[in-house]
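Got two chains here, each in a separate frame; can you build the complex from them with the hints?
Here the protein sequences come in this chain order: G and U. When you line the first sequence up against this note's numbering, it's residues 1 to 504, in that order. When you line the second sequence up against this note's numbering, it's residues 505 to 1008, in that order.
If you're looking for bench data, these hints aren't it; they were derived computationally from the structure. Predicted, not measured: the structure shown is a model, and the values here were computed from it. Be aware that a few hints might be false.
Restraint-style ranges between C-beta atoms, simulated for each label pair [to be verified]:
{"#": "1", "chain 1": "U", "residue 1": "Gly603", "chain 2": "G", "residue 2": "Leu162", "range": "16 to 26 Å"}
{"#": "2", "chain 1": "G", "residue 1": "Ser159", "chain 2": "U", "residue 2": "Gly780", "range": "51 to 61 Å"}
{"#": "3", "chain 1": "U", "residue 1": "Gly846", "chain 2": "G", "residue 2": "Ser288", "range": "24 to 34 Å"}
{"#": "4", "chain 1": "U", "residue 1": "Ser879", "chain 2": "G", "residue 2": "Ser315", "range": "31 to 41 Å"}
Sample of chain U residues lacking proximity to chain G, with all beta carbon distances greater than 12 Å (derived) [what the hints assert, rightly or not]:
{"#": "5", "residue": "Pro575"}
{"#": "6", "residue": "Asp651"}
{"#": "7", "residue": "Gly707"}
{"#": "8", "residue": "Glu779"}
{"#": "9", "residue": "Val806"}
{"#": "10", "residue": "Tyr813"}
{"#": "11", "residue": "Ile922"}
{"#": "12", "residue": "Gly923"}
For every residue, glycine included, the Cβ atom is placed at its ideal position computed from N, Cα and C.
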Amino acid sequence: MTVTTQRLPTLAEAVARYDPVLGLEVHVELGTVTKMFCGCSTTFGAEPNSQVCPVCLGLPGSLPVLNRVAVESAIRLGLALNCTIASWCRFARKNYFYPDMPKNFQISQYDEPIAYNGWLDVVYEGVTYRIGVTRAHLEEDTGKSVHVGGATGRIHGASHALLDYNRSGIPLIEIVSKPILVPPAIAPAVGRAYVTELRMLIRALGISPARMELGQLRCDANVSLKPSGATEFGTRTETKNVNSLRSVERAISYEIRRQAAVLSEGGRVVQETRHWHEDTGETTAGRSKEQAEDYRYFPEPDLVPLAPSPEWVESLRATLPESPVARRARLQREWRLSDLEMRDVLNAGAVDLVAATVDAGSDPAGAKKWWLGQIARAANERGVDLEQVGISPSDVAQVQALVAAGTLNDRLARQVIDGVLAGEGTPDEVVAARGLAAVSDDAALLTAVDEAIAAMPDVAAKVRAGKLAAVGALVGAVMKATRGQADAARVRELTLQRLTGPAA
Amino acid sequence: MTDLTRLTAAELAATVASGESSAVEVTQAHLDRIAAVDTAVHAFLHVEADGALAAAKAVDERRARGEPLSPLAGVPLALKDVFTTADMPTTCGSKILDGWRPPYDATVTRLLREAGIVILGKTNLDEFAMGSSTENSAFGPTHNPWDLGRIPGGSGGGSSAALASYQAALAIGTDTGGSIRQPAAVTGTVGVKPTYGGVSRYGLVACASSLDQGGPCARTVLDAALLHEVIAGHDPMDATSIDRPVPAVVAAARRGAGGDLAGLRIGIVREFAGEGYQAGVLARFRGAVELLDELGAEVAEVSCPSFTYGLPAYYLILPSEVSSNLARFDGMRYGLRVGDEGARSAEEVMSLTRGKGFGAEAKRRIMLGTYALSSGYYEAYYGQAQKVRTLISRDFERAFQTVDVLVSPTTPTTAFPIGERADDPLAMYMADLCTIPSNLAGNAAASFPCGLADEDGLPVGLQVMAPVLADDRLYLVGAALEHAVVERWGGPLLSRAPELEVVA
Ligand SMILES: [Zn+2]
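The shape of chain U in the complex, shown without the other chains (with noise of 0.2 Å):
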């Protein structure tokens, strides 16, 4: 019998629609998976079984009415703890929202619902989304499948986990500075943020609203293309949605799948190269740049000379944006509450809850923001940095002259071990360098994987930038590379992953 978990979400959502296995059995399926393998890489805070069951079993009486199924249909999907759920709580991987349940969906998990995707529960993060590892969830760190003593990335690793440990065909993440793009790197799986204000933010608990995108992750290409058009357009409830068609992702996704890239022009970035980079990841990105170049696309080197200020940039917009939106959880209306003996004042319950409910790095970043935008400093950091904003912003703009699609390694390294960089926040923060550009510039980018670091043998990541509502480029180049390296390694590169140890 096959193992319904090792099957593509296409592959899945076929299946169900068959009629060859239900979605109620695909969904035990997964759900059996979480239970075997899910103690030991702590993908999920929260597996809400009954209700993916509902929600399997309406696909299935859909089917059985003959209503028409949508293309995905009864494939099981991993939430990150971000996002809204009315049936669900929701905890940013905070102790401060301890115990809140949302009265409301956010836009993106009613759109997984409409579309008969079943969720299987909510995934691990860093502290509202503010790390690269997932060692800055309040719950406890996520393992890497590939090797559980590594991080599996960050802020997303709970989803990008939960995919190569096959507990879920498909999740959802969000990328604020890379917190799809370096999980999906080091995990060997697909992630893609979207061009900024493609997929609605209503319900995504904000980090910093001006670079939070959701977007889908998979462990394909065309997997990922199905879930982005799934969750992206227009959304009334988000003003800085934009009001435009979805780029046509799936058809490019089906497009590049047959290998031919004669005529797109790539820019490979020269800043990202160079110290700091490990040997291993520096080889697979040439490697897959020289598929690329066999394929048939034209490569150039390309400078963006303010890439290189976009990391100190992105840690002073991040932090002033993220000081003002944490500003609320203070205890008075949900959540936790420290303090209120009927003593205290309002404020000292405030600071107390604030103390408690809050984790390092949460603090330190609230603690930047803070500084950054004081009277007297505005100009020198925010307004400083949201120059160099627009100087990234003009980079790409020229370089998108001369080529259709920019490329660099996702991250400088690949996973590292648990606990290395836990105490030496300037080295997590390293992990973005290469992601963070595009979240600056609100364009569209993607981490696929291209191979195995020699050193350690574990993924690298391929990042593809496109411009503003071109997401489309994004699949075509995926979809390509992916088609070259399964030819290449005869299957696709996870499974080349150990098999995890399975409890019964």
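With the rest of the complex left out, here is chain G (with noise of 0.2 Å):
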């Protein structure tokens, strides 16, 4: 059934009259050197094909040998979880066909992950919400497909695949919320707090950068809706390519508003993938599941069984870094802010963003305000999330950093901060090319004071007989001299040093 966004109700319509309910499903690839089964490298952005060898390809006679690193990594993980950790699991096949996997089987873990039944606590609008964790488990990425020779990029229209398998055999952790059942209106916000804190969990441990915009984190979201009140869960769809904080939250919202017409219509909710276009804000029917596709999960023959020890796991579980929560409550102190302050910054997913520039250097207050005025409203008008945007957390560093030696005055910060978001570079280039450094040289703005003496005789005899409120004219005239890169406080204190000071 096709539903067009004008008759879609609003989120507040759609959960007047049913309640939502999410299962979120997080794949996150993992920061190990090498891959999970061979010695290739697993470094971003290397030319297509260049990282792989006869076992991430899947030649025939190749065989798999684990990654002990992805094994702890997903242990860690696991502990920070509060999940149990099997004591004896084994790898799975997950059979289906798709040119972009080599072998035609995905190896996974199927019904003995190596982590299962946690929770992770999540805080929104001051209010903690236990979202439980079902399991998470280890597999292997898939090689990409890039289609050719059609308009969209996509397979509808293409002539012709390219396949690179850099990507294949990079170890992935997913991780399976259970169900998550919170205040109706507040769920897709919650969902996308969930990802924000799985994610800040993930680079606290180290295990991943967790960026987004590059998959290295990817979040596909289960959407059910049932009548408010009622019990059984509805029929759910399942939203892949959510590759952005904003997104989870935007489409979880759209698939509840979209759910809601189909039901309030009379309509039946299909059981299908939907996939979410960041353009047009919409999800888009994929692959029906009504007929359940059939992986023939079996144990991996080429694999032993994984049991680590408990004194394997307890050596891990020493180096497990303070918990969000913890280091949340440990940061607020530290910056000095108040709880609202603290809350602002979490809503923005900007706690590790402030953290990592202040320890490039920058005073917490400056970093907080960068972080959520000039650079959110940017990052709002562009539809992308704060790290997507385009200035990392040395570049604003580094203009606190300018201003802090009164090279750069508030203005002309800002100036620097959009030239940066532009593209034209590092905060220094930025300064040199746009000429913006502002005019410290007293000697410099000395000239343009007596300038502006000179030129406005009247005002300045109005100062010296002790209408101080007057030398506003004259500061401003010397702003405009030096065209607003001058330090307005130093002018006025060098001008009136000139009408009334001992040397006047």
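Have a look at this one:
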């Protein structure tokens, strides 16, 4: 059933009649040096098919050998998610045919995940929601298909496909949430907060850079609706390709509204995979899952069972960083922020960015101001996450350092940020290219002050006579003459000195 | 002048080491023999004369420089065409790998080369090692040198026939359900399936991963032991490879050749006799047991009731793994591609390629396995079969508490005529009845020549089974039996084979 956007209810209207149930599956590409089952490099962005070998190409005769660091990462994440770590588990083959999967099966885990039955506390608007984690398991990534010859880069209309297997065999952890039931109106926001929290945790563990725009963290959102107050879950859809925090919230919200429209018109939600389109803010139908795909899972015979010893697990537990909640409490103290201010930072998904900016030398207030102010507005206008907007914590710290040194005033600093966001280079490069350095040379300023006094003798006389407020006209003239690049406070100081000070 | 092709591998190595003959001469003699008889036998799918002569020349040069030679340096070998070779095609007996040149050597291939063993070429086999007669090869059957109208066993019929027709002194086979032992039995040669994990599977194109095991084939027990020590040992590229010292098989073979088995406890598997067994096979089997008894062994009958369920369990586990292992042959990356005229989808090309590329038996097993693994049937088929597998392992464990080795006929009948069972898969499957339990349990097992059946004058094999990692016991028994048979017959059994017609 096709429902047009114009006829969709608002989120508020939708949740007035229906309760959404969410299930989030998050895939994380681990930041291991080598792939999951071979020694190939995992460096991002290399020439297509330059980081491949018989194993990750699935050539006949090749065999997988498990990467121990990937297992460690999975155990550490499992522990951080309060999961039980399996004392014995196996890998399984998930069988299906697809050209970007060189063996036509994926080595994954089926009914014996390495970590299971945990939870993650998510704070939204000051309230903590405990999200259950069904399982976290290890699997290998597939290659990438690029469809060529069509207008859209999608499979329809393409004349042929190019296959890049550099990604094939990169270790992934899939984290599957339990059904998420939160106050209906905030379900999309809590979904986003969950992924945000998970990302912070993954980064704190150091197991992945978890950059969504690079596909290092990918989210599939399962959404179903049930009539308000009902206990039985409705039919769910699974929305793929949700690759930014903002999109997580938007996609969930869209699906709630779309399904509400279908149901309220007496229709039936089709169990299917749907694709999220960042540009239109809509999901479209993909593969129908009415006939559940049979992956014919069976234990991977080329790998031996994995049996992490209790000693090993405990030694890994000892390497866990402080919990995100504890870390935020510490940062809030260190940054001297109020609860409300910290909540704003958290809601903006900016905790890691502000922390990184402070680590790069900025003062906390400055860091917070830029990320939650001008940069957040730019990200919003462009419809991207803060991290994708094109400015790094070290850039922001550099701008803030220039402000602290008096090289930039606030207005100029904003222009520098704009320049960096526009892709004009680093803050130093923008300052140089745009000629934005504040005039802080007193000699140069004094010349301008004297010129202003000479040009406005009556104003100067008023100031000399004690009407200090009149100095504003002179300061304005100097600022105009220096094209705003002077420090107005210093100009005022120098002008007063010239007219009323001992020298005069 | 000695016919170099009639010497054993140990004798050839000594000849080369002493300088009596060069490795090049030895190799040329075997290449000439191939040219003379293989049109009739069809043991080889590919003969790499230049590569073989170059490898032989390298051995001669090492000798000339006074460098030490490994114990089998300069000995020609026939490699089953299921191991990857960077300098030769690897077909697995299938059209679907048409034109594929692997970019890498299997571990076994590498070890052979490092030992100075001369690889003459690649031998014929049932497609992807699935069959008991070599009739399932896409390139036509191999003929038994004892009677060209009969099968040489399978799947490794090319390797056994090459040995029995003196085209090579050594051969490599793989044994998934008997593919080394049954061909050895029906050609009057020696074939050993090492303990699972004893020989690396890296580069062995998988049939059924949990059952496949590469192993040595030869005309004498000592030759097999010498080859065993070359190819066995831990391989970090194979996660199922055993990280333990290789059993001292050469020492055991030398000890056994003394003909003293005093104190060795031998158990006859009660279940492997009776209906379906050829009278001449049972008579030679009993004769062999009497010989062993005369050599001082204590013989008892042992019951292994679960062995009866081995065949049905095997024909669920094997196809299941096959259906997954053979999924990668889809025409996307290498080998045959059918129907790619620009108008068809990747899925259609995959389907057409597999339809055209696989033979009937491969398709039969893929379908059986796909069915056995499908959701709703998994527990009833694959799950149950795994339970049988456990029961068979327990039968072995229990038996090995009272005996050192178990014995049975290797296969219920002598070589049958080509075509006789081609349309009767169940009759064909019976050929592996006695060999399958050791694949399911992973223990070591071998077949040794023990005489000719009265009714057809064709070779009969004695199967010896030993516990996991007790491969040396096979050689002890095999060498003692060989010693007794040679004494009784006045020469090796193979000397009774008719001379083949030689093409000038
Ligand atoms: Zn690789």
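Here is what the structure says about each hint:
Checking the proposed 16 to 26 Å range against U:Gly603 and G:Leu162 shows it holds: the Cβ atoms sit about 22 Å from each other. Range check, G:Ser159 to U:Gly780: Cβ separation about 59 Å, and the 51 to 61 Å hint holds. Checked against the given bound of 24 to 34 Å, the beta carbons of U:Gly846 and G:Ser288, roughly 28 Å apart, stay inside it. Range check, U:Ser879 to G:Ser315: Cβ separation about 39 Å, and the 31 to 41 Å hint holds.
Residue placement check: U:Pro575 keeps its beta carbon more than 12 Å from all beta carbons of chain G (closest about 27 Å). Chain G leaves U:Asp651 outside its interface by the beta-carbon criterion, the shortest separation being 34 Å against a cut-off of 12 Å. For U:Gly707, the condition that its CB be more than 12 Å from all CB atoms of chain G is violated, with the nearest at approximately 4 Å. Every Cβ of chain G is farther than 12 Å from the Cβ of U:Glu779; the closest lies at roughly 34 Å, confirming the non-interface assignment.
Annotated as non-interface, U:Val806 keeps its C-beta farther than 12 Å from every C-beta of chain G; the closest such distance is 29 Å. Once the 12 Å rule is applied to beta carbons, U:Tyr813 is consistent with being away from chain G; the minimum gap is 20 Å. The claim that U:Ile922 lies off the interface holds: its Cβ sits roughly 28 Å from the closest Cβ of chain G, which is beyond the 12 Å cut-off. Every beta carbon of chain G lies more than 12 Å from that of U:Gly923, the smallest distance being close to 30 Å; the non-interface claim holds.
In summary, the structure is inconsistent with hint 7 from the numbered list given earlier, while agreeing with all the others.
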